[in-house]
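*Asks:* Sequence:
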Amino acid sequence: MLRVTEIFYSLQGETSRMGLPTVFIRLTGCPLRCGYCDTSYAFSGGESVDINEIMHKVASFSPHYVTVTGGEPLAQADCLILLTALCDQGYSVSLETSGALDISRVDTRVSRILDIKTPGSGEMEKNYWNNLDCLTAHDEIKFVLCDRADYDWAMQKLLKLKLDNICPVLFSPVYNQLDPAALAAWILQDRLPVRLQFQLHKLLWGECVGR
Numbered sequence: 415m416l417r418v419t420e421i422f423y424s425l426q427g428e429t430s431r432m433g434l435p436t437v438f439i440r441l442t443g444c445p446l447r448c449g450y451c452d453t454s455y456a457f458s459g460g461e462s463v464d465i466n467e468i469m470h471k472v473a474s475f476s477p478h479y480v481t482v483t484g485g486e487p488l489a490q491a492d493c494l495i496l497l498t499a500l501c502d503q504g505y506s507v508s509l510e511t512s513g514a515l516d517i518s519r520v521d522t523r524v525s526r527i528l529d530i531k532t533p534g535s536g537e538m539e540k541n542y543w544n545n546l547d548c549l550t551a552h553d554e555i556k557f558v559l560c561d562r563a564d565y566d567w568a569m570q571k572l573l574k575l576k577l578d579n580i581c582p583v584l585f586s587p588v589y590n591q592l593d594p595a596a597l598a599a600w601i602l603q604d605r606l607p608v609r610l611q612f613q614l615h616k617l618l619w620g621e622c623v624g625r
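Quick note, the sequence shown lines up with residues 415 to 625 if you use the working numbering.
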């Protein structure tokens, strides 16, 4: 059983899978409280759903891509079972995780989208740095940036840890807080080996639940 906030079909709004039709499974609960969080409605509530029922709902959309997100999906131990079940069904599966919890037991067929929390998030001390040792080339690292200070911090981590040698690195501006054009200019000026990421779903539909 898993506590589920919502299951819906939409376009992937983030990561290198941006724009791809995807089924999203949003699990309930998160141990973090990032200042820019846009899914606080998933902190609590939801419904207890059997994994077989989740799989049936996903299959009803006939998808190729499935994303498990939250909240923080790894806060529920049975998330690992769900991820493996999805892979076994042949879906291309990605996991969006805060970077605060151990990812070492996640099925290696899953593309793990790992956040590194910046000072501006208010949760920088929660970063579980050992996760970097688990990443492979088909995973991704994401920095959500609030301001120039966050950018400078993220750039220092990127270069010091040579993160781009591990997997693709994404720099994402906080929606309606950091100007994407300014972030683009900084990336170009510093010639950083990162991908500028927008939240496509917000450009299309605004801050709408279930999109």
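Please note: incorrect hints may appear among the correct ones.
[Unchecked claim] The list that follows gives simulated cross-link-like pairs (lysine-lysine, BS3-like), each with its CA atoms no further than 25 Å apart: (1) 571 with 540; (2) 576 with 540; (3) 540 with 574.
Treat the hints as calculated values from the structure; they're not laboratory data.
*Asks:* Taking the hints in turn, state whether each one holds.
*Replies:* Verification of the hints:
no.	hint	verdict
1	571 with 540	15 Å, holds
2	576 with 540	21 Å, holds
3	540 with 574	19 Å, holds
Figure legend: structure checked against the earlier numbered hints; every hint is met.
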